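Chemist: Taken in order, these protein sequences are the chains called A and B.
Okay, so the first sequence: first residue is 1244 according to my numbering, each after it adds one.
Okay, so the second sequence: first residue is 357 according to my numbering, each after it adds one.
Honestly, the hints are just simulated from the structure, not real lab data.
This one's a predicted model, so the numbers in the text were calculated from it and none came from an experiment.
Listed next, with one range per pair, are the computed distances between beta-carbon atoms:
| hint | chain 1 | residue 1 | chain 2 | residue 2 | range |
| --- | --- | --- | --- | --- | --- |
| 1 | A | 1568 | B | 369 | 30 to 40 Å |
| 2 | A | 1358 | B | 426 | 19 to 29 Å |
| 3 | B | 425 | A | 1358 | 22 to 32 Å |
Just so you know, even glycine gets a beta-carbon here, dropped at the ideal spot from N, CA and C.
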Amino acid sequence: MIDVRTAITQAHQGEWARVVASLTRRFGDLDIAEEAAAEAFATAVERWPADGVPPNPGAWLTTTANRKAIDRIRRESKRDDKQKEARMWLDDDPPPSPGVIDDERLRLIFTCCHPALAMESRVALTLRMLGGLTVPEIARAFLVQEAAMGQRITRAKSKIKAARIPYRVPSAEDLPVRLDGVLAVLFLVFNEGYLATGPDTQPVRVDLTTEAIRLTRLIRTLMPRDGEVAGLLALMLLIEARRTARMSATGELVTLDEQDRGSWDAALITEGHRLVRERLASGVPPGRYQILAAINAVHTSAPDARDTDWSQVVALYDQLVRLDASPIVALNRAVAVAELDGPAVALAAVDRLEDRLGVYREYHATRADLLRRLGRSSLSRAAYDHAIELPGNAAQTAYLVRRRDQLG
Amino acid sequence: MQYLISVINESSDLATEDEQAAIDVFNERVIAEGNWVFAGGLAGPGSATVVDNRGANALVTDGPFVETKEYIVGFWVFEAPDLDAALKLAADGSKACNRKVEVRPFL
Chain A
1244 MIDVRTAITQ AHQGEWARVV ASLTRRFGDL DIAEEAAAEA FATAVERWPA DGVPPNPGAW
1304 LTTTANRKAI DRIRRESKRD DKQKEARMWL DDDPPPSPGV IDDERLRLIF TCCHPALAME
1364 SRVALTLRML GGLTVPEIAR AFLVQEAAMG QRITRAKSKI KAARIPYRVP SAEDLPVRLD
1424 GVLAVLFLVF NEGYLATGPD TQPVRVDLTT EAIRLTRLIR TLMPRDGEVA GLLALMLLIE
1484 ARRTARMSAT GELVTLDEQD RGSWDAALIT EGHRLVRERL ASGVPPGRYQ ILAAINAVHT
1544 SAPDARDTDW SQVVALYDQL VRLDASPIVA LNRAVAVAEL DGPAVALAAV DRLEDRLGVY
1604 REYHATRADL LRRLGRSSLS RAAYDHAIEL PGNAAQTAYL VRRRDQLG
Chain B
357 MQYLISVINE SSDLATEDEQ AAIDVFNERV IAEGNWVFAG GLAGPGSATV VDNRGANALV
417 TDGPFVETKE YIVGFWVFEA PDLDAALKLA ADGSKACNRK VEVRPFL
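Here chain B stands alone, though its shape is the one from the complex (with noise of 0.2 Å):
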């Protein structure tokens, strides 16, 4: 079973230091045991365009498809058995990056 842990903040402020450490820390440990699959940074929603092609031709605008303030600056996915091992890992994971998380089953 995987989890999308999406990590949520107000700005898209990069970690600072300390917190970098505290998540390689944590990545290495979530690798050693098993249950890595995926992980990343995104840039700012002002840095989002969105396409829809549905119609006959693809439609591109600027911008997040949805205003918010807060937003996704980052993600991981983990291999868990069940919610709680995942949220064991979102809790750690929120701890490390100093943010906080959500977390979402595949389907």
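Extracted from the complex, chain A is given alone in its bound form (with noise of 0.2 Å):
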């Protein structure tokens, strides 16, 4: 007999954002669609163990929800008929254009993430709408008070509802400016995962990261042939193989010189690998995301970190400048040159950066990795203590300590 918390969980997991996405797209109110989604998985809770898990779980969730939907407006349209008015702006737009995937799913992602809403608002909307997770649970995750988190997502709403952010896929036109946006919400909930920023919090959250890659693999389904969507999830995957590899057991950041590389995960690597061959043999020039992600994949083939092949990792971070010419792309370009052109090239490179970077913690830390290496302590020491001084994640502010204490 299949475990009734299981079957729930994974009832969650694999349902909440169809269950929320075929609500909104019926009754046009994502209030309403969050609030009876959550109703029928409480009545799933209360209800499985004693009867059982229905034999197709996900219809089961979506008619109770839909039953809960029209009980509310049933309710609410007694009080106020005005306002059922005002909810029904049912869809009416034309069928999608050719070659565009429709999937209800695609419409409450493209709706969560659109550019007329604050960033942050777009992360917290698509966490709870798509994600599931609760309102408590984000608030955690970004270290804001519950209620303030409540009242984002309140707000967001609203302003969907009263501007008529639509919902749907965007047109093939304007397609990819707006899947830009969405893979960036994405990438920075994995980044606030993976590296968080604040010295108080876990310097790792799981959480994050595992919730960025089910939401990234979600879209991958329902657009398998985009690139960008492939590159970014590649990307996940290598950087989360390396999660326990780049953590000491004394809560210390390990450099990818110094991993153990036997305790990478090898079958996320051997999945991102496979999508990089992929957008590789497809022929079409690469995004930023993919360009990443086959930096990545050349670290992660290197059975150790002497074998890297280097000229290889500078030449892709040469295609991500002609893309990208923001600083920190160049910071990370020197990183490779240093290994090789020498620590001598790349430093010429990073101090070239002062001006956009001083303010940035990871331009500090460069720097005094590359003093170290040219056998100069005392100005290794000064950067050293200023990238400690500048906010950043914890992990890596006890890795700059052990580096500064090192030094003769």
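Given two chains presented individually in distinct reference frames, assemble the corresponding complex, making use of the accompanying hints.
Modeler: In structure tokens form, the structure reads like this:
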């Protein structure tokens, strides 16, 4: 017999977004959809242990949630007909253009990640509506008071309704830009999990990385031919594969060259490499996530840090710089250049970024490391001190402190 | 669904000839496509007068109700099916008048 609790967890992971999406489509209201979905899952928790798990949990949940939504609308329509009318901006857009996949969950993603919403609202809405995380869970993840997070989500839902942010997959013409926005939200969630910013947070937030990967997998299922979706998924998998190796027993960050490569997750690496190869074979010029994934594929292909094909890494960064001229990309490129052309060349490149990156911890940490390798200890120490003073991840701070204290 | 597109600027300088020509072309297109409701330009905030008649007498005071560095110099009202359509119109309007705009839905 299937454990009922497992069945409920599975149904929640597999069906939450589908239930919310189909209710939003039917009732034209995120509030109703969210509440009815939550009620349906609560009912499952109550009833399944006694009645048994239904043969088709997804259908059971959708039916139950629909009934809950209709009950609520009936209750409210008795109270206020006008309010009910306002809710019924039902879907009347034309069928999607050929080649654009239409899944209700995709509509939901594009609505939650609409550029007219603030980035923090997009993140919160996506985790709530697509991920099924509760408001307290999301509040904890971003170190925000529960009430404030609840309000953020409520405000975002009100704006969607008042400004009539459409519930649909953007037209083929707008799709690339809008999809970029969706992927940016997912990458932000992943990064916050991977390198949590607060000094008092857990340095790695597995809940967030897991959720980001799950949602990216979902988009990959819905848009299997999109290169950047595949690229972002590969990137996340190749980073996630190194998660346990990245943190020492004492909670210190372990850099790539010092990681125990045997403890990397081989299955995730295989999957990531397969995605990268699939994109290479497509012959379509890669976007930034695909290039970042390829860089990570080079790293994860080397059995030992010394075997890394640095010329390949630098060539990929050159390609990335052409797409994204941001100073952070230039900084990461310099790290690879140090391996290929030596730390002096890299340091000269890094120093040119001071104006734009002087307030950024990574800049000083990179300089400190290059100066250390050049034997310029006192300058290196000053750079470590500067890096440590700047706010950042707690495990990284521990690593920087150790490195500084090892200087002669 | 109607949207107010406010044109925002730091000065009340009138549109240049080129800008005015671009605005005219844009307006004609919006009218032809059926999204037009209303539009207008506004005199500078220095010409504003505030009236408050919530009390016993109408209180008239000089000046805008709030001093800001940027203010509304004109507006369009568009009819559009949803925010995406309104944002597209707003983007073209911003380009035509060469100023920032704010999109706000009517209730």
